[in-house]
Every structure is written in C-alpha cells, then in structure tokens.
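J.: Spelled out from the first residue to the last, the chains are:
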Amino acid sequence: MEIIYSSRPALAILVSLIGAFLILLTGERSRNLREFWTVLASVVKFSIVLSMAPLILDGKVIEYTVFSISPGLSIQFKVDALGIIFGLTASFLWIITSFYSIGYVRSLKEHAQTRYFVCFAIALSATMGVAFSANMFTTFLFYEIITVCTYPLVAHKETPEAIRGARKYLTYLLGTSIAFQLLAVFLTYYVSGSLDFKYDGLLSGAVVSGVSKTLLTVMFILYMAGITKAAMMPLHSWLPAAMVAPTPVSALLHAVAVVKTGVFVVVKVCLHIFGINLLTQLGLGTALAYFASFTIIVASVIALTQDNLKLRLAYSTISQLSYVILGVALLTPSAITGSIMHITLHAFGKITLFFTAGAIYVATHKTKVSELDGIGRQMPFTMGAFTLGALSMIGIPPLGGFISKWYLSLGAIEANQFPIIIVLAASTILNACYFIPIVYAAFFKEPATNPDPHHHKHENSHKKFHEAPALMVVPLVLTAIGALILFFAPTFFLDMTRIALKSVIGGN
Amino acid sequence: MISDQFPALIIVFPLIIAFFINIVGWWWKRPCFYMSMLALSVSFISAVGILNTVISKGTIHYRLGGWEPPWGIEYVVDHLNALILVIVSFVGLVVGIYSKKSIEKEISEAKIPQFYTIYTLLVMGLLGMTVTGDAFNLYVLLEIASLASYALIALGEDGAPLASFNYVIMGTIGACFYLLGVGYLYIVTGSLNMADLSQLLPNLYHSKAVLVAFAFLMVGVAIKMAFFPLHIWLPDAYTHAPSAVSAFVAGTMTKVGAYVMIRVMFTIFKPYFSTEMLPATTILGWIAAAAMIYGCILAIAQKDIKRMLCYIIIAEVGYIVMGVSVGNRMGFTGAVLHIVNDAFMMACLFLVVGAVYYKTGARTIGEYKALFKKMPLTSGSFAIGALSVIGIPPTCGFFSKWYLVLGAINAQQWLFAAALLVSSLLSAVVFFRVLQNIFFAPSESAHGHESETHVEIKRDEAPASMLIPIFITVAGILLLGAYSGQIISTIIQFTVPEGF
Amino acid sequence: MEYIIAKYNYWVYIVLMMIGFYAMIGKRNLVKKLLGMNVFQWAIILYYVSIASKKGGATIPIVMGAHGHYEPAQAIQYLNPLPHCLMLTAIVVGVSTTGVALALIIMIHRRYKTLEEDEILESLEAFRK
Chain A
1 MEIIYSSRPA LAILVSLIGA FLILLTGERS RNLREFWTVL ASVVKFSIVL
51 SMAPLILDGK VIEYTVFSIS PGLSIQFKVD ALGIIFGLTA SFLWIITSFY
101 SIGYVRSLKE HAQTRYFVCF AIALSATMGV AFSANMFTTF LFYEIITVCT
151 YPLVAHKETP EAIRGARKYL TYLLGTSIAF QLLAVFLTYY VSGSLDFKYD
201 GLLSGAVVSG VSKTLLTVMF ILYMAGITKA AMMPLHSWLP AAMVAPTPVS
251 ALLHAVAVVK TGVFVVVKVC LHIFGINLLT QLGLGTALAY FASFTIIVAS
301 VIALTQDNLK LRLAYSTISQ LSYVILGVAL LTPSAITGSI MHITLHAFGK
351 ITLFFTAGAI YVATHKTKVS ELDGIGRQMP FTMGAFTLGA LSMIGIPPLG
401 GFISKWYLSL GAIEANQFPI IIVLAASTIL NACYFIPIVY AAFFKEPATN
451 PDPHHHKHEN SHKKFHEAPA LMVVPLVLTA IGALILFFAP TFFLDMTRIA
501 LKSVIGGN
Chain B
1001 MISDQFPALI IVFPLIIAFF INIVGWWWKR PCFYMSMLAL SVSFISAVGI
1051 LNTVISKGTI HYRLGGWEPP WGIEYVVDHL NALILVIVSF VGLVVGIYSK
1101 KSIEKEISEA KIPQFYTIYT LLVMGLLGMT VTGDAFNLYV LLEIASLASY
1151 ALIALGEDGA PLASFNYVIM GTIGACFYLL GVGYLYIVTG SLNMADLSQL
1201 LPNLYHSKAV LVAFAFLMVG VAIKMAFFPL HIWLPDAYTH APSAVSAFVA
1251 GTMTKVGAYV MIRVMFTIFK PYFSTEMLPA TTILGWIAAA AMIYGCILAI
1301 AQKDIKRMLC YIIIAEVGYI VMGVSVGNRM GFTGAVLHIV NDAFMMACLF
1351 LVVGAVYYKT GARTIGEYKA LFKKMPLTSG SFAIGALSVI GIPPTCGFFS
1401 KWYLVLGAIN AQQWLFAAAL LVSSLLSAVV FFRVLQNIFF APSESAHGHE
1451 SETHVEIKRD EAPASMLIPI FITVAGILLL GAYSGQIIST IIQFTVPEGF
Chain C
2001 MEYIIAKYNY WVYIVLMMIG FYAMIGKRNL VKKLLGMNVF QWAIILYYVS
2051 IASKKGGATI PIVMGAHGHY EPAQAIQYLN PLPHCLMLTA IVVGVSTTGV
2101 ALALIIMIHR RYKTLEEDEI LESLEAFRK
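Residue numbers (my numbering), protein chains in the order written: chain A, 1 to 508; chain B, 1001 to 1500; chain C, 2001 to 2129.
Don't take every hint at face value.
[Said to hold, decoys possible] Covered stretches of chain A, going by a simulated chain B footprint (3 or more residues, C-beta under 8 angstroms):
1. 148 to 156
2. 184 to 192
[Claimed, not checked] Computed beta-carbon distance windows for the label pairs:
3. Val66/A / Tyr1272/B: 37 to 43 angstroms
4. Leu1200/B / Ser68/A: 56 to 62 angstroms
5. Glu1068/B / Val218/A: 55 to 61 angstroms
6. Glu2071/C / Tyr1272/B: 45 to 51 angstroms
7. Leu50/A / Thr1282/B: 54 to 60 angstroms
8. Ile1187/B / His2069/C: 30 to 36 angstroms
9. Ser1056/B / Val66/A: 42 to 48 angstroms
10. Pro160/A / Thr1282/B: 46 to 52 angstroms
11. Arg31/A / Ala1482/B: 32 to 38 angstroms
Rather than coming from a laboratory, the hints here were simulated on the basis of the structure. Glycine included, each C-beta is placed from N, C-alpha and C at the ideal position.
Please take these sequences and the hints and turn them into a complete structure.
T.: Structure (structure tokens):
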C-alpha cells in the first residue's frame, strides 16, 4: 500500500476550528456573517475530504504526524478507506445541517446562537479527528473532545430538563470512557507497547506471544463498554436523554456524528486492534453479535411504545447502530461490507427523519406521533421526505437502506448464523411497525379537530398548506433524495468498502 | 561569569531585595510591588539559566563560600531541582503580577509593603529548599518558607488567624520531625551533606537509628506536603488566605514538599532502602490511593469553591506520591510530570477563583451561577483548568495521568490504577457541577427562547493585570500538554533514580 | 537499668517532647498550645546539644591560653561544636515561630476576645451564618 504524506487530514480538522474561532469573533454582531463562516467552513472541509478520496480509491493511504509525545503515544493521522467513508458522510451532512440549523435557530429565535454554532464546528472537527486517526490515543483524544463540546449543545435550551438530560449524557459518556475505554487503552499499550491501528489487528499475535485469553477478553469487554457512543444496551440511556437538544443537534450529532463515531470506533477496534483472526480465536465475535442482536430487537420494541416522535427516532437509532456492530461482529466479508455501508446509508436516512421532526416542530409545535394525523396534507414535502427516510430505515428498495440490509443478511449466511437472519427479519418488521403507521396517519387520516391550546397562530393549521421555512425543507428533501440516489449509485461507496475490506482481510 | 553564580543568586537576590522592600515601604508604598517583581524576575531568569546549564552540562555543584563539602554547604542542582526551580519561580512571578490588584482589595493599605516583603521571602524560601544539597540548610529554608506562609495566610479573611495558628502548630511539628530525622542521621554519620550521607548510610541501613531517622523524615515531610492523613491544616489555611497567597502556595508549597520527599527517599537513602528493605513504598502507595479517593470525595461535599479546590490538592498530592511509590520508571516520570503540571493547574484554578471573588465576591458554587455571561474569559480558563484536573487530553493533566496509570499497571498494582481512574471520575463529578452552574444556569421558564425577559447580564471581566496571569497559566497547561514528550525526554528521564 | 541511665538524655528529651506534643494537641487554650510547641522545639534542641558531648570530660570548645601559640588543638578534649551551631539556628527559628504565633494570638484575641479554641470556632460559625 503506497503511503502519501500530506497535511490534508490535519487541514480538514483545522478548517472548522478556524471557523469556530471566526464564529466566536463575529458573535452576534452580524448574524449573516457568522452563518457564512459556518457554511464556508463546512464546504471547505468537505472539499478537502473529497480531494483525498480519489487517492484512497487508487489504493493509497495518506499519513500525517502532528506530533509525537513519546514512543507509541503520538497524534497521528492516517486516511484510509474506512475513514474516508465516515469523513465524507459527516462532512457532507454538516453542510446540509448548517443550512437546516440556520433555518431552525432563526425560526425559533433561539438564544445563545453563537455558542451553538461554535460548538457545532468544534464537534465536527473532532469527528474528522476520529475518522482520520491512526492510533487509539488520537482516537481517544478526539472522542473526549466530541463529548465535551457536544455537552453545551445538548444543554442548549437551559431548561431544567435540558440540564438534567445533558448531565446524564455527560455522565454516561465521560464516565464510561474514562472508566472503561481509557483502561482498555492502557492495557493495550501495556500488552503490545503501541496503540497504532494495524490492518491485520494490533493484537493479532497476542495469543501466540503468550498474553492470556482472559486479559484479552477483559480488554474487549472494556472497549465495548467504554465506547458508549455506540449506544449498545445496557449503556444506551444517554441517547434518549439527549433528545432534549434542539433538533439539528439531534439530527447531526446523534444520528451522524456522535453515534457514528461510536460505531466507527467499534469497527476500528474490532478490525484494526483486535483483528478478525483474534476475535474468531477468542469467540468474541459471536458474543458481540448476540449482544448487538439483543439491542436491535429490544430497542425496536421500545420504539414502538414511544409517542414522542424524537424519542421514537432515538430508539430507532439505537437499534440501527447495532446493525453496524452486528455486521462487524459476524466477521465475514459481506457482513463487514454491510456494516460499513450502513454507516452512510443510515446516516442519510436518519438525518432526514430528524430533520422532518424538527420541521414539524417549527411549523406546528407538535412533538407527538399521535398528533400527526393528516399532517401530510399540510406539509407534503416534509412528510414525503419522511416517507423516503422511513422506507430506507425499513430497508425497502429503491431506498439505500436496502443495500446494507442485503449485505448483512448475506454476511449472516456466510457466517452460518441463521438466528441472526431471523433477528434481521424481525427487526425489519418492527421497523415497519413503528414507521408505517406514522406515514399512514400523516397522509391518510383526518387531522384532529380540536386545536392545541398552546398555539394561537394555527387557524390555518387544519386546512391549508403550511410548510416549514425553506431553509429547513430544502435540506431534508436533499437528504431524502440522497438516500434514494445511494441505492441507484452505490458504486463509489461500495468500492471504498471493498478497499477497506481488502486491507483487513487481505487477499481473501 | 554571572551565570556560574546563578544558584546563589536565585536565593540571595530576593533575600536582599526583601529587606529593602521593607525599608522602602516605610516611606513610599508604590515601589514595593515593583521591587518584589524585580527580585522574582531575577530569580526566574536565574532558574532558567540553571536549567539550561543542567541540560547541557549535567549536575551543577555550587559551593557556598568555596568551602568543600562536607564542611561547607553545597548547592546541588540536577535535572529534578532545575525543573522545580523554574516552575516555582515562574508561578511566583505570575501570581505576583496577579496579586497587585487582588491584594489592594483584600489587605489594608498599610500592610502592603510587608506583604511583598514576606511574599518575596516565601518564594525565596521555596527556591532555597529546592536548590540546596545540605540537609540542615533545607530545614532552615523550610522554616523560612513556612514562617512566611504562616504570616501571609493570616492576612486573609475572617477565620484566617485561627487557621494560620493551627497551621503554625502542625507545621512546626512537621519541621521539628524533619529536624529530628536529620539529627539522627548526623549522629550516625557525622555529616549533613546529602551526597555525603548517601554514601555513608548504606553500611548503616540495618541500624535502628537510621530507621528512626527515615521514619521521622518521612512523617515530617508528609505533614508539610499535606499527605493524607496529615493534611488537616490545609483546607482551613488555604481557604481563608488571601486569593493571591492561596494561588501561590496551592501550586507550589505542597509540590516542593513532594520534592523533598523524593530527595529523602532517593538521594539521601538509596532507592532499594525504601523499596526492598522496608515496605515503605507499599505503605505509601496504599495511603496515596486513600488520599486520592478521600480528597475527591470530600471535594464533592464542599460548597465553598476554594475549599473544594483545597481537597483536590490533597488528591493531587496522592497522585504524586503514588507515582513515586510504584517504583518504576513510568510511575516516577508520571510523578515528576505531575508535580510540574499540578503547579500550573492549581495556580490557574485558584487564580480564577480569586478573580471571581475580586469582581463579584462570589465564593460558593451556588453564587457562580451564570458566570459565563459576566466573565466569559475567566470561566473559559476555569473550564480548561478543570479539564486538566480531570485528565482530558490535550491538557497536561492527561499526560501525567497516563504515565501514572501505566506505571501502576507495569508494577502490577491494579488497585492503584483503578483508584486513579476512579478519582478521575470523581473529580469529573466535582468539576462538572461547578461548570454546569457557570455555563448553564437553569432558568425558571420551560422554553429556552430568546424573546423572554430576563435580566441582561453585562460583561464585566476581571482586570487585565489579573487576566493575563490567568491566561499565562492556561497557556502553560496547554503547552505543557503538547510538549510533554520533550519535557520528558530532555529533563525528566534523567531524574529517574537508577535501578528503576 | 544501665540502658536507661546511660542514655538519660534520650529519655529526657522523649518525655519533654511528649509533654509538648500533648499540650499542642490536647489543650484548648491557644497560649497553652503555644507553650506546648515551645517545649516540643526546645526538647529537640536539648537533644541535639546533648549529643555533642563526649566521654572523658570534654570541655567547651574554647582553646585555653591559645593566644599567641600555634599548637593544634586536641579534638578529643573539646565538645563537638557543630550541633551547637546548628542549634543556634534552630533556636532562632524557634524564637521566630514563637513570635509569629504570639502575633497571631494577639490578632485573634483582638477579634474574638477569647483564646479558647472552641469559643473561637463558635463565634466563627455564628459569624458565617
């Protein structure tokens, strides 16, 4: 594999940090200028990441060392196929979310807007940092930075429940990352003397060189427990609690950046720290697969019972994240392909759904599923996008979500794990059960006759066309179309995934 | 060459200037601050010069008056001292600049010259403790520093004289125990020079007198260092002291005490005495683990922010001692790195608390509500200091914790590693309570919209002469984090005792 | 028995130290604590001075009739002067500490009109509330 030394990964991260600084300086003086910085930073970041993609498609790898603290402990970037997929998804969706955020924040006249945009920018920097990190230390560094800078975003509304939710968020994420993940990192360093991600697994020779299997299993458990951002049960409660955040925050961070960081790190740990061979040797792959399946089913069931739209989407996210974990736990080429693809496909689908939830809130101040009868007639674009997103989640062609489910099923067959196929089927049905009724009610039911007593401006809410502002509707339609396009033109991502897989599995 | 005289200059210059500050202060109050800063700057420059010399040439042996040891007093500066000299003088200078405004508010004007005199003497005493190579000379300078700190602490708010008196009592016990220890060593060897002692003692390690000496030395140093359970004087004393005084002593006095402990354990006595012959390091390790947890738990229980930070100091001392006690290279590196980092972290936090007190009179966590709107820069600095104490990269606190935990794991002391991580979590709880209040004051209404009427809080930052020192410490925290590797490779790795 | 008598200086200083220590910790009155601190410090000073003595009738280190003569002094005839010098320093330190402590006591007395520690703590608590 040819290695190119270029500072582009560092630049990608730096761009939004500079952007954050400019946003801070501009502050409230000129809102348009401030929003311009956000959009500019996101576009520049995406272009930098995009510019690295062709090199990766060619089979090369970009490396860059920022500095070395001490042997084995350095801040180093390595852009490879897996990282580029995640980086592209996150940076592209940030552009769209920026527009959506501007629309949302201005319509609701939110307070502390500068802090909001600054934290967003820093959070995206850190997400790039995780995507492009070359060793577990850099990953841990940026992982923690994401936690710390999304905390103000979750607590944004500053109401007592927002603060409580944010505190739960912080306790879960910071607590588990220091207690478990950091300990796992220490143990990795102790066992192998290094923290670098290696393509066949850093620890792959560990059993041969005499490290006890128990220690390796303990380390694996610590990693899985410590990467709580992946929202595996039973450490998932922070995600519903974080729904007190404004919807764009939930959309990008909790459908794309924060939780995807979690599963991304899980994939990296499984593939590049432990390695497929070691995991098969220890039998941990199957164990993880069953944990993930448990989360998938139980989260979907809980989603069924949720009336609050955002909470339903939150539990759906928890369930979908475990698809990624399931895929990587099955340890077969198709399964891993499916799980990596799902990172992107789920992102597009889920962000559409969250955007819709936000649009509905801005236009009608409704938050509950039971209130959504007939809303499809008033907000056709929004609900149309919702339908596309929901179909992608369920995994129905011609939406992108189908591709990842297909590969996951193939992978389960390859791994001879038939119960997993049943799990996949069951969860598809459950997804349908909690999404389709919303779509049906929105389009085919009559709107409720008694108006919501809190809101006065809705004389026309029963009858006339009343979409959310364009700044919000356009982005969500774009992402919905994106989910559609990804079905028809998945080649770019599939090729990237193949390259990522080749490096891991080798010539197989 | 003047640079040859730096080891003496670093002590003598502040000493003489302090004398003159007092005299000048009878007539004019204004020059006192500037003279004190001049003295501390010269000390700082000398300390940097010494560090340079040590890095390039190795250990400096400076003989006072040209007398050869063991008859004369010798100043020995190796990598460990040199680093601590720089840190102590730097923090002294920075806090000194900060003190101008805060002292004017907290002490009556008539006492300001005396304040600067004693402050200069305090810094000088600590520097002297660090630079000397003679055990009795260390006692003298220890008492100079302690007396100065008793006086400075007593200048504080209500409750300070009593706190200082209790500190006098306990501090004197500690110093006297140290003196006793040195006395016993003198009886058996006839020498007071540290290097000389380290050569004469190994033959005598089996004697009871040496054992008693070691015990007295360690207990005396432990009292001075506020090592659990001999820490009782610290919370009251540092809480009631004036802000600038708290900031300085919090960052330095306990750390110099830890330095003295390292000297006693590894220079005067050979490392194998503490690790193999006596279970000293094991005992220290267990007590240190208790200190870490105790400090953090009690910090959670405090309402007064200064008192909360004082308990964090106790936990930090626990970290340093734990790093020393695991007895390997990684742990020791972590301990020394932590001495450096902690000086900056504690200075930063106390400076912020002092600035907030200066501007708003707020001292309890409840009164820190919505501080971000009023003093954003100060709050940001507090956040960085807090993140460093918790140990979140890229602040410096993470790197010293990294080495400490690795050291514990390398020594197969899983419980110590667990204690370290648990106390990190507890300190996260401690600080996030405060940070939550500072940044997100819960409002009474259910919607967080801008259109409500709430009292507009105007920005009213601390004055520049206080902000700049705070920023310097924050920059220090971040830079120390980034340059940890270089600090370790150029300085700290040479301080590790042989055999580790 | 010989053990105790031969090393009586050690026993004396231990007893004095413990008396001082008890006073510092056990007494409530600040002046008594200060007195205890003094006894503690002076015990240590006595100990050091006592170890300077030598068997065989050593005398104080002042050479008799040495004015104008240039004979080397016989070290065995004179006490070890080093601990005495060290203790001069320690005495100075002790006196300074006593001075500081007395100043603090005056300050406390002026503010709280009492020198009993528990009463002072009470008035501090009341003041804080």
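J.: All hints are to be evaluated individually against the structure, with a verdict given for each.
T.: The hints, checked one at a time:
Restraint check on the stretch 148 to 156 of chain A versus chain B: 4 residues with Cβ-Cβ distances below 8 angstroms, three needed, restraint holds. Counting residues of the stretch 184 to 192 of chain A whose CB lies closer than 8 angstroms to any CB of chain B gives 4, so the stated coverage by that chain holds, three being the minimum. Between valine 66/A and tyrosine 1272/B the Cβ separation comes to about 41 angstroms, which falls inside the hinted range of 37 to 43 angstroms. For the hinted restraint 56 to 62 angstroms between leucine 1200/B and serine 68/A, the CB-CB distance of approximately 43 angstroms leaves it violated.
Range check, glutamate 1068/B to valine 218/A: about 58 angstroms between beta-carbon atoms, so the 55 to 61 angstroms window is met. As the Cβ distance of glutamate 2071/C to tyrosine 1272/B is approximately 47 angstroms, the hint placing it in 45 to 51 angstroms holds. Taking the beta carbon of each, leucine 50/A and threonine 1282/B are about 58 angstroms apart, inside 54 to 60 angstroms as hinted. As the Cβ distance of isoleucine 1187/B to histidine 2069/C is approximately 33 angstroms, the hint placing it in 30 to 36 angstroms holds.
Restraint check, serine 1056/B to valine 66/A: a C-beta distance of roughly 28 angstroms breaks the suggested window 42 to 48 angstroms. At about 48 angstroms, the CB distance of proline 160/A to threonine 1282/B agrees with the hint of 46 to 52 angstroms. The given range of 32 to 38 angstroms is respected by arginine 31/A and alanine 1482/B, whose C-beta atoms sit roughly 35 angstroms from each other.
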